[in-house]
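**Student:** Position chains B and C against the provided structure of chain A, taking the given hints into account.
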Amino acid sequence: MDWGGARMGLRLLVIILVVGAAAVPLAAGTWQGAIAPIDPPAPDRFDGAALQRGLQLAAIGNCMSCHTAAGGAPFAGGRPVATPYGTIYSSNITPDAQTGIGQWSEPAFRRAMRAGVGRTGQQLYPAFPYDHFTLVSDADDALLYAYLMTRRAVRSTPPANQLRFPFSVRPLLALWKLVFFKEGAYRADPTHDGQWNRGAYLANGLGHCGACHTPRNALGAEKRSARFGGGRAQGWHGYAIDSASPARVRWDRTALRAYFRDGWQTLHGDAHGPMAEVVENLSAAAAADLDAIAIYIAWTMGKRDRADSVQQASVATQSSGAVIFASACQGCHDGSRPLPFGGVRLALSTAVMDDEPTNLINVVLEGLYPRSGAAGAIMPGFASVLSDEQLRSLLSYVRLRYGQGSPWKDLEASVQSAKAQRHD
Amino acid sequence: MIELRVNGRTHRISADADTPLLYVLRDELELNAAKFGCGLGQCGACTVLVDGIASLSCVTPIVLLAGRQITTLEGLGTPQQPGPMQQAFIEEQAAQCGYCIAGMMMRAQGLLQRDLHATDADIRKELEHNLCRCGSHMRILRAVRRAAGLMLASGSTGVTAPDPAQPSAYPEVTAPPDDGMRRPAHPDLRERPQR
Amino acid sequence: MSAPADAALTRRAVLQGSGALLVSFSVGWARPAQGAGAGAGAAKLPGSLAKSPLLDAWIRIDADGFATAFTGKAELGQGIRTALSQVVAEELQLPLERVRLVTADTGRTANEGYTAGSHSMQDSGTALRHAAAQAREILIDEAARIWKLPAQQLRTQSGVVMGPDGLRATYAEIVAPNLLHVTARSISQLTQPDQFRVLGRPLQRIDIPAKVTGGAAYVHDMRLPGMLHARIVRPPRHGARLIEAPLQAVERMPGVAQVIRNGNFLAVVAQREFQTIKAMQVLAAGARWQPTAALPDEAHLADTLLGLPAQTRVISQNTGAACGPMQLEATYTRPYLSHGSIGPSCAIAQLTEGMLTVWTHTQGVFPDRQAIAEMLGLPVEKVRCIQVEGSGCYGHNGADDAAADAALLASALANRPVRVQWMREQEHGCEPYGPAMVAKVSACLTGGRICAWNYDVWSNTHSMRPGPAGALLAARQLGKPFLEPEPKLIPLPEGGGDRNAIPLYSFGSSKVVHHFIHDMPLRVSALRSLGAHMNVFAIESFMDELALRAAVDPVEWRLRHLQEPRAREVITAAADEFNWAARPSPGGGRGCGFAFAQYKNLAAYCAVAMEVDVDADTGRTQVRRVACAVDTGQVVNPDGVRNQIEGAVLQSMSWTLFERVRFDATQITSVDWATYPILRFSAVPHALTVRILDRPGLPFLGCGEAGQGPAAAALANAIAHATGRRFRDLPLDPARLRRALAPQLTAR
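Chains as they are written, first to last, in this note's numbering: chain A, 1 to 424; chain B, 1 to 195; chain C, 1 to 748.
Derived by calculation from the structure, the hints in this document are not laboratory data.
Only a predicted model underlies this, so the values are computations on that prediction, with no experimental measurement involved.
Hints are supplied without guarantee of correctness; some may be wrong.
Examples of chain B residues toward chain A, derived with CB under 7 angstroms [as the list claims (entries may be wrong)]:
1. Asp-18
2. Pro-20
3. Ile-53
4. Leu-56
Yeah, the Cβ is synthetic: ideal placement off N, Cα and C, and Gly gets one too.
Same shape as in the complex, but just chain A (with noise of 0.2 angstroms):
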């Protein structure tokens, strides 16, 4: 997930605290006690149904990925999650009493996910994504709380957040729930059937998609206005999932649910970026929640079809961008090598399609490597030889030859905009 700019940001953060000023009083209202710490609890406490349950919802909710640091321990925190206003890094949610969330009881998970407040009270940052996780239902938490405490306790601290004043000043996020945040569990639409609704409550809800495709404000928060319009997240720009999906070919269920299965889909592609880790974890979920999931997102996609309003564009061979995809791209972009480990036919590839060339770039320049041991498509990174010049070369011939003919403008500025994000 990523913010808005941070210059902004401090405008905004003025004009809110001036306004909240005068709102302290409701503010204050908003804070919250702490909950008593109990032991950890015994895990026979919780039946084997109940932890299978929430490992398949703890899957959809991506919990992993945030909360494991590189090369540490499963759900010991630790990640580092860049923000405009300085790094936060993931809390611990081992059931260590001292370190983890041992001492929690289950109203108080509860709590945390409902309403983002920490157990002893403290207003968690919304890097947390509990605008999301307040529509999971106290049902789904109690076999996330079951599944979370009976992982293997860890003893790890995890650093200290690093954010700029006034960011820093945990409080202050009273205010900002106060503006942005809205409490309260998923209610059915009842003009959709059962499988939408269920895709509903998890994407919106455990599965928080918006947090990286929703565009977001200055602040932080995401714009309800442009729901999956499009977001970022860790420097990779979360396609839009909504009408304006980018999909050469449209996404429809039955590819959605092999896509989150899989991790790949042959119309589309493989998932890369934080998008790799998400389906990853989504291999563990009950195959009913990815079918439901599906059909939501399939909704909210519509029904447009780029296919047809896309033709080939004719382009010179002979460009310096040409050449270098000659020799370094066509071999495994050829389409002789098939997915999910071959590449992917461009013609297909939404990072080609998009408005914005980031992922495009991300991956020239960082490559695609696989987990240890996993089979996973395999592509060097080229940030090493190619220069600005030849980079932006590479991607035009590539935009105009594979995409949708009109040219990414100012290649410039996101290529150096990838570029500063790579070195943060």
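**Tutor:** Chains B and C only, in chain A's frame:
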């Protein structure tokens, strides 16, 4: 015609612009170290340095490399005067078949040129994308650590002449004086027809 | 590189001298009765001398004071060049740098078959040791004859024979034509271990300086004048028929010299390497193939194998006292495994004046020559195969096929050297795999011991190596194709699928059955350690399951069923090296495992202990530390042994944790490193130690394959210890473990 600067020397190359660097190094400049392993940028056997950064020569067309400084394993030293990375790999006997080793060494060289104080975790992370099939991993890790030590001691990451007054203190794998390990590695290669 | 002094001294020239031309012999040199013959009725000669008894087939003294030794074995990265040189230097009393070693070359060296089965030190090392010792005795005797002194008054040092009163002569001064052209004796005056100067020392490897400085170290690095590059277009499946290919279009591409089609064999030859690759890509894209019968369902591979007709052989049976019914039984499986050399197979061939020379990284130059000659219809004398090192092969990979490809193309392009290199997907997709296997085992326990043991193993053959032309891919693809030869058993005691199927332990009664499966759904052949990897994995896993049932410590359990002192000593040494007695108790995902085997029940002894962390949520296994002990008989180079055992453990970890050949109904789908994941640095142990139990004076046992089986089983046992769950199907990959473990309670 493209001019390539390899190991400090400039070469005029007549190969097509889209030719990957690997084939130019091996077939035109007759440099053996960079190896064809996959041609897909997956295994690291072809790793060289471009402006000091590890790069995969099997998927890098020479058109990208005009004016860039390319360093191959040959640029780190010779059997007679091995550089610190080479000396470390010899002292640790960090090879079995050795086919992956040139790529390993170049990636490690790139790391140590950036950070001589790289930790074991840093080295593992850096080498994660280079594959070894014989199982020489433990020795490779030791050799890279040893290379860092040699570089720190000599104050140079580059080619250094071995100092005969400073024999290796490493207790294992030291040859007796008359073992003379400097003779041609493959006496029988001399029988092959030459150009 | 200049022409060496011995270039003209080919084996042929040597062999032209007949037994009748043998010259001057000193008193005391006991000649075999039949001159240069094999010595019928004489005692069996040591090692490979038995097959190639002439001393000068092994050792020559050169005019420049060097000795040249000849071995029919090949350097494969295992360090044999160094170890054999050490043996020769020791027994000939020459400094190591004055020993040249010529490796496998049908024109120059003895026929020692394949470099396989950890046999090089046993066969060639033993032969060279005796040949060198006998050569030194002959040199002393010759000096004694010249100086008219008793041989007892002479001694040798650093290539010089020395006598009383400062008498001295170098070997080169003493040697006369055909002096060493004699048949070896069965007994030699070997140097005693306490006198070793070179043998038994951890000398640096001779081949490593070139490998770490960019020297010409591999067949891949050879460049011959006028050499052309070739690439092969292989069918999507073995046996597919070529319908059509864009031959003319590709012939017009830049640099292309020739496009060659012979039946289903399709290749392109061009001037520059990258031109060749581009032409091959166009040729491959335009080639249409007629598919053959479907491949089996990978998801039910074990059932497929069990359903195939098999030749069932009871390979061991002991009847003991009657006991109860079997209490525990289990089935273990292994998928097909790829050799996965980092460097795809490569060969160079040249046809000059009717003589075809092939430079190849084959493991067996003589069998490869036989197969190539048969394929081309040439007499074997018209083909010379020279082994030049390649990327590590770990058994029968694509090396021989690439040699055949090059030979076929060179014979079509007379006089031009042709270099063939396979592409990555060909190496992964076309090579013969290590066979998939199934083992079923059951046992009965009485009084804290195993009283009955039944073991059945199902497997294809583990060797489809050349000899017959039909073993070569190219030969099978020709317009007049050679048929794939019938699969053959590798007889015990070495064994193939049944290698190490008979436990070394003694049980009350036991029965071991080998089910030899004739049909080969996928192309298979020898992979390092053959069936031993799977059999030791299964036997040693089951030993642990039984120890758990009997509530006995796994190390104590093994010792309880084992009498042989050397085996017991290796087990005790590994346990001590690991500090087994003080190992952590299981919990929090941590556990320890132990395993042991004597390779082939007749070679090196190896025991391995491992400590692992298993993460239930990700399914990932991190090996924390490994301790090994090995008894490989007389040690020639301890660092070489250590290197081999380390490599065996890490490679076996990779096989066991991650690897399996993937396929669908139509083709192999694991065709590169994206689809065939192997060990990477993040999964490498934090520590690995090897304790070597030297056995001075005892025979060499070899060590290249001693560790694979024990490492696999120690890993599986450690995972079982850590998780409380037994995994019997390989690989023990993160996905499999995660599926089984993730919802589990962590506190047990």
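**Student:** Can we keep the Ile-53 (chain B) interface hint, with Cβ of chain A closer than 7 angstroms?
**Tutor:** Because about 4 angstroms separates Ile-53 (chain B) from the closest Cβ in chain A, which is inside the 7 angstroms limit, the hint holds.
**Student:** Holds or violated: the hint that Pro-20 (chain B) contacts chain A, with Cβ atoms closer than 7 angstroms.
**Tutor:** holds (6 angstroms)
**Student:** Using Cβ atoms only, decide whether Asp-18 (chain B) comes closer than 7 angstroms to chain A, and label the hint accordingly.
**Tutor:** Since chain A brings a Cβ to about 4 angstroms from Asp-18 (chain B), closer than 7 angstroms, the hint holds.
**Student:** Can you verify the interface hint for Leu-56 (chain B): is its Cβ closer than 7 angstroms to any Cβ in chain A?
**Tutor:** For Leu-56 (chain B), the interface hint holds, since the closest Cβ of chain A sits about 5 angstroms away, which is under 7 angstroms.
Checked against the numbered hints given earlier, this structure breaks none of them.
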